[in-house]
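If you want the building blocks of each chain, they are given just below.
4 protein chains.
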Amino acid sequence: MKNTIGNNFSITLFGESHGKAIGAVLDGVPSGIAVDEAFIARQMEKRKGINSISTPRREVDTVKILSGVFEGRTTGTPICFMVENTDIKSKDYSLTKDLARPGHADYTAEKRYGGFQDYRGGGHFSGRLTAPLVAAGALALSMLREKGIEIATHISSCGEIKDREFGNLAEDIRQLENLSFPVLSEKAGKEILSYIEKAKKEGDSVGGTLTTVVTGMPAGVGEPWFDSVESMLSHGLFSIPGVKGVEFGKGFGFAEMMGSDANDEFTVVDGEIVTVTNNNGGINGGITNGMPIEFTVAVKPTPSIYKKQNTVNFKTAQSAELEINGRHDPAIIHRARVVVDSVTAIILCDLLITRFGTQFFGK
Amino acid sequence: MKNTIGNNFSITLFGESHGKAIGAVLDGVPSGIAVDEAFIARQMEKRKGINSISTPRREVDTVKILSGVFEGRTTGTPICFMVENTDIKSKDYSLTKDLARPGHADYTAEKRYGGFQDYRGGGHFSGRLTAPLVAAGALALSMLREKGIEIATHISSCGEIKDREFGNLAEDIRQLENLSFPVLSEKAGKEILSYIEKAKKEGDSVGGTLTTVVTGMPAGVGEPWFDSVESMLSHGLFSIPGVKGVEFGKGFGFAEMMGSDANDEFTVVDGEIVTVTNNNGGINGGITNGMPIEFTVAVKPTPSIYKKQNTVNFKTAQSAELEINGRHDPAIIHRARVVVDSVTAIILCDLLITRFGTQFFGK
Amino acid sequence: MKNTIGNNFSITLFGESHGKAIGAVLDGVPSGIAVDEAFIARQMEKRKGINSISTPRREVDTVKILSGVFEGRTTGTPICFMVENTDIKSKDYSLTKDLARPGHADYTAEKRYGGFQDYRGGGHFSGRLTAPLVAAGALALSMLREKGIEIATHISSCGEIKDREFGNLAEDIRQLENLSFPVLSEKAGKEILSYIEKAKKEGDSVGGTLTTVVTGMPAGVGEPWFDSVESMLSHGLFSIPGVKGVEFGKGFGFAEMMGSDANDEFTVVDGEIVTVTNNNGGINGGITNGMPIEFTVAVKPTPSIYKKQNTVNFKTAQSAELEINGRHDPAIIHRARVVVDSVTAIILCDLLITRFGTQFFGK
Amino acid sequence: MKNTIGNNFSITLFGESHGKAIGAVLDGVPSGIAVDEAFIARQMEKRKGINSISTPRREVDTVKILSGVFEGRTTGTPICFMVENTDIKSKDYSLTKDLARPGHADYTAEKRYGGFQDYRGGGHFSGRLTAPLVAAGALALSMLREKGIEIATHISSCGEIKDREFGNLAEDIRQLENLSFPVLSEKAGKEILSYIEKAKKEGDSVGGTLTTVVTGMPAGVGEPWFDSVESMLSHGLFSIPGVKGVEFGKGFGFAEMMGSDANDEFTVVDGEIVTVTNNNGGINGGITNGMPIEFTVAVKPTPSIYKKQNTVNFKTAQSAELEINGRHDPAIIHRARVVVDSVTAIILCDLLITRFGTQFFGK
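Residue numbers (my numbering), protein chains in the order written: chain A, 1 to 363; chain E, 1 to 363; chain U, 1 to 363; chain W, 1 to 363.
Treat the hints loosely; a few may be bogus.
It does not matter which identical chain is used: a pair holds within one copy or between any two.
[To be verified] Below, simulated DSS-like cross-link-like pairs (lysine-lysine); rule was C-alpha separation at most 30 angstroms, straight line:
| id | residue 1 | residue 2 |
| --- | --- | --- |
| 1 | K308 | K147 |
| 2 | K200 | K97 |
| 3 | K48 | K201 |
| 4 | K64 | K91 |
| 5 | K147 | K315 |
| 6 | K20 | K64 |
Calculated directly from the structure, the hints in this document are not laboratory data.
All of these numbers come straight from a predicted model, not from anything done at the bench.
Build the full structure now, drawing on both the sequences and the hints.
Next up, the structure:
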């Protein structure tokens with residue numbers, strides 16, 4: 001429903017890029033969960049990206065927890081994460097506010113909100129709203145980790161450069177945890193970075209794909225209709241600005257496979273039922289099968305580029321030229337990674353509580 | 001929520017493949033909509049596929065409308081579409097009911113429902129449940145068409161064979177309307193058909209992709225968080241059995257593009273604001289921009305194949321061999337197409353009513 | 001949401017009084033629950049009322065379970081309860097269909113559905129829709145009983161006649177279980193029956209109150225905002241045709257009490273924390289405290305009376321006189337009782353699953 | 001769902017009495033609505049009660065609007081109303097935190113949140129959370145007023161004293177708008193005030209009833225199942241701390257009426273269809289009929305009294321005596337009145353948008 005996602009564990013986002021504050025209300029959190037503010041801060045830091053290719057707002061993005069936490073633990077009532085907007089540039093929007101930036105939501109905001117939207121800095125559409133989402137996601141990630149469920153995401157491709165695929169999951173997850181530019185192969189990482197820097201010099205931007213793995217998920221979570229794990233995750237993932245594709249397991253690769261190759265045969269290892277391959281990305285019939293959940297999202301190139309673009313003034317319906325200034329990222333994939341992890345964690349907490357009750361998290 | 005999807009226009013599915021009946025309750029339908037039973041029947045027919053490569057149940061699949069329609073028009077109250085299961089084979093499941101068919105939901109059903117699931121013919125997971133979904137979708141399609149909104153889907157690829165891309169949308173939509181094997185290029189169609197028939201001979205199956213276009217959608221529909229048009233559509237689409245990937249516009253192709261190519265510049269044609277390209281598939285910031293909505297779904301190969309497969313008995317956790325018999329399709333993409341259209345129509349009706357009220361449909 | 005109630009255990013109603021069938025889809029039922037069809041039939045029988053003062057439709061009201069039950073137990077998938085309309089009188093409505101019956105929903109249906117509603121026999125508003133609600137409620141009642149939670153309702157007042165209050169709850173519940181005219185005092189029961197028969201003779205109708213008790217509810221169920229136990233129960237109860245008031249514990253009696261009398265002091269009995277009094281009806285701050293839940297609903301007199309009434313033709317907006325014929329009950333309180341039990345059971349199952357997961361019911 | 005109410009126009013509450021801040025997120029507000037901050041402040045003032053019988057926290061309760069408003073008008077995105085807790089007494093709770101205050105939610109909070117709740121000042125259960133609810137309600141009230149829909153509530157009874165009933169609605173609404181102690185009869189008001197002051201002197205508290213009228217509601221709003229106007233309003237009203245009964249129109253009075261008296265006959269006045277009486281409180285079959293909506297809520301006596309009470313320590317399950325100190329109100333009915341108006345306004349905005357779309361409010 002609009003700015004809320006989740007059935008039994010839900011998040012509501014509020015705020016505009018240049019308003020007083022942005023925030024998130026996380027509801028349905030079991031009581032008694034330890035809140036690790038240092039981990040929240042680390043996740044916020046990851047979201048900021050790295051210096052050479054990111055031009056984040058210089059503001060500190062301190063997360064204030066207004067409610068729902070008492071003596072370091074969750075109370076079971078809604079947790080409001082607030083981030084005040086302190087580094088607001090008093091830029092003059094009068095010349096550009098009616099020009100639709102290509103690839104952005106200016107025009108669609110005008111059609112949706114009838115001219116009353118806060119147009120400054122993307123308003124409610126701003127990627128900045130992912131800040132409280134990441135803060136809330138950090139809590140969800142902690143909850144899952146406590147139950148042995150880990151989530152990690154790497155840049156699987158950018159342009160034509162491909163990172164290596166996941167191998168030893170435990171090691172790869174540990175490695176990604178400590179990287180601000182999340183790649184598995186150092187060499188691929190350097191190439192991707194150069195590719196982004198090149199785009200930056202040209203005033204252009206790049207897209208890419210992010211691949212996520214979730215280990216430790218119990219089997220039997222999700223629904224055949226309509227809340228399949230794929231449905232629930234994609235609902236959240238497609239809300240992340242810039243995400244235009246989501247595939248699970250072999251995803252689009254299935255189109256060229258035969259059933260005899262695509263099917264994951266079952267076998268027994270150490271008394272546990274597992275599949276030999278994991279083409280289905282840990283999900284059969286919408287329900288987890290106990291294998292790692294694997295999915296990839298496609299992120300489009302950042303629409304803010306410095307090149308001159310043709311557009312229209314949507315108030316006058318006349319053609320116009322537009323040159324975007326200000327701070328913009330030539331790539332957001334490395335920053336989007338922590339948003340993907342956060343959204344994934346929130347959705348999985350919802351699915352687990354729906355399936356097993358809050359007791360799953362031990363309370 | 002579980003077996004229901006939609007906020008203001010919703011559908012609830014019930015039934016098992018070998019139970020008394022399967023059905024759908026469609027709620028939130030505006031009153032006064034003409035119900036075209038012939039169109040519903042045509043859509044049901046399309047869902048059955050074509051003879052040479054489909055082995056549908058021979059039953060008639062007559063749709064009974066139990067409620068919500070009076071004197072040929074919707075009353076505004078819930079419409080129950082029921083399809084009785086008349087052609088149930090009294091097959092003996094005793095030897096195979098505990099063997100997890102690879103790629104199927106037998107094992108996950110066991111973990112989800114604790115051994116109480118109706119295992120006959122896939123039970124509640126059966127593609128058969130798409131029958132009432134298609135019946136309900138036919139009504140949604142009629143509603144949209146009445147407002148100038150058209151939906152059409154073709155097999156964009158199967159194996160390595162690719163259909164041509166959409167060209168003249170109005171003509172292509174008209175063409176697909178009348179095809180039971182939905183392709184745009186006759187030549188590609190023949191190749192795909194041969195490819196499927198070959199798989200059938202080998203006791204194997206194939207996957208593919210389906211590409212959908214929606215014309216006539218007004219701008220300004222959808223939400224930035226979390227009910228973006230992509231989020232809402234993907235939630236529905238990933239519930240369709242076999243769908244493992246969804247991408248909008250250029251989708252995964254964005255990963256290799258630069259922002260300067262990816263951005264859709266705006267221009268004015270005949271006083272209307274449009275984009276020059278439509279890489280974003282008609283959606284910016286989660287909201288429709290008035291251009292055609294375009295998306296592609298990946299459908300995995302039908303998991304039922306006739307080749308011998310290794311698996312486990314999930315009651316005993318012991319290895320087993322499995323040979324599947326009975327009627328099975330070597331491909332479902334051509335049949336899934338009408339399900340994609342139906343789900344799309346239902347989700348769009350929900351989004352339109354949420355945005356504009358039931359008045360949008362004139363009542 | 002419209003014709004659905006419940007978050008994790010939900011029911012969707014469909015159907016019209018004179019349509020093909022009416023029904024309910026119950027979703028979120030844990031798998032493995034034994035379905036006691038004889039108990040369902042007994043509840044359906046109670047709903048029919050007693051001969052001397054009820055004129056139920058003569059049809060058998062056989063409940064068909066179309067889905068979600070396999071080998072006598074729930075599968076965990078949606079259960080569709082269907083009741084076919086077999087005793088439909090082919091009455092001619094042409095003279096009265098545009099006359100708003102006072103106290104009925106004819107006029108509001110016209111305003112809500114714009115003239116497309118099925119006006120025959122009250123259509124979707126008919127008390128007849130409580131039939132599948134009672135069938136579904138029977139399953140919920142069984143689930144609760146299995147966990148030691150019992151629900152019983154008696155006619156606490158009718159006109160100025162009052163039944164005695166609940167005393168020994170276990171005994172009273174047992175007594176009510178076996179009565180088709182649910183009163184605790186035989187004497188009061190006779191007086192109420194005479195009162196109703198008198199009204200019947202005069203072509204008039206009566207209202208009354210129903211008081212319900214729920215024993216065995218664990219403490220800690222419900223939410224402070226906004227899903228208090230009172231909020232959730234009242235949402236369901238006010239959907240029952242004719243219910244115009246709901247109060248918990250002392251309810252409206254609180255208005256004349258002082259805090260020192262109203263507060264329920266806590267004490268310890270056999271190591272258990274209980275309250276000395278139960279003025280709050282088992283609920284503090286919206287959450288169960290382990291004491292019996294107690295509430296009373298007010299039911300208005302059946303609006304169908306045989307006396308001539310003034311009204312309007314809502315198509316022409318002109319005055320008219322109306323004399324209602326056909327079969328009508330001079331009282332529905334004794335029949336509404338089983339509907340109250342059913343709705344209460346459904347809401348409590350939802351609250352319990354939301355709080356404790358489906359494991360509460362042992363699966 | 002938990003701390004959220006509303007389908008298309010919803011509010012989410014967060015915060016604890018002694019935490020950093022309390023707040024509300026209002027979502028689904030149409031864009032372009034003028035935000036009258038002076039009116040919000042007036043409503044907040046009414047919520048504080050009057051000096052002689054209220055001991056409100058001395059804090060200013062300034063409402064900060066963090067989001068969703070731009071240049072004085074709503075943007076259509078979520079509005080976060082925040083009230084910082086500035087006047088928090090650093091009282092020592094160590095002696096009383098495990099003693100269940102009779103009539104309060106301390107014990108049920110312990111059972112619900114497992115000992116992790118913020119016990120200070122009632123925590124999340126505190127009546128203090130009605131502050132942001134009233135701020136959000138003020139915006140809803142403005143929206144309704146703009147469309148000719150007015151809401152007013154008076155103290156209809158307190159102890160055995162009764163205020164006069166509503167007469168000329170337009171005049172009575174105007175009168176109540178300007179009163180901080182909302183009664184229609186000055187004489188009754190004085191008696192009620194004396195009655196409350198007497199209770200205060202005795203360290204006791206009183207309950208009462210509040211009667212609300214809504215004028216200007218269009219006919220045709222609400223649903224037969226399960227979102228009747230009564231269901232939706234009662235769901236919200238029963239979330240208000242202290243509310244234990246809700247009745248519509250004659251409510252519990254119906255129990256003693258005959259159908260021939262209870263039915264509201266229809267007639268035509270100035271071409272408009274109206275009812276001669278309004279026993280049903282403006283609602284037939286769950287749907288508005290265009291007559292004023294009328295309902296009464298029962299408010300129990302404030303549970304905080306100064307008299308010594310018996311209770312238990314819920315950690316040790318041992319008996320204890322309790323004497324409550326600090327600031328407490330001998331009555332909350334006059335303060336609850338503005339909360340009733342606020343909740344009513346929020347629910348009606350939701351019902352109207354669900355029925356007519358956001359266009360109803362002109363955007």
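Inset, instruction - State whether the alpha carbon distance between K48 and K201 is at most 30 angstroms within one copy, between copies, both, or neither. - result: within (20 angstroms within a copy, 55 angstroms between copies)
Inset, instruction - If the cutoff is 30 angstroms on CA atoms, where do K147 and K315 land: within, between, both or neither? Let me know, please. - result: Between copies, since 26 angstroms is at most 30 angstroms while 53 angstroms is not.
Inset, instruction - Using 30 angstroms as the alpha carbon limit, work out where K20 and K64 are close: within a copy, between copies, both or neither. - result: both (14 angstroms within a copy, 9 angstroms between copies)
Legend entry - K64 and K91: within-copy, between-copy, both or neither at 30 angstroms Cα: Classified as both: same-chain Cα gap 27 angstroms, cross-chain 24 angstroms, threshold 30 angstroms.
Inset, instruction - Evaluate K200 and K97 at a C-alpha cut-off of 30 angstroms and name the case that applies: within, between, both or neither. - result: within (25 angstroms within a copy, 58 angstroms between copies)
Legend entry - K308 and K147: within-copy, between-copy, both or neither at 30 angstroms Cα: For K308 and K147, neither the intra-copy (51 angstroms) nor the inter-copy (38 angstroms) Cα distance is at most 30 angstroms.
Consistency with the previously given hints fails for number 1 only.
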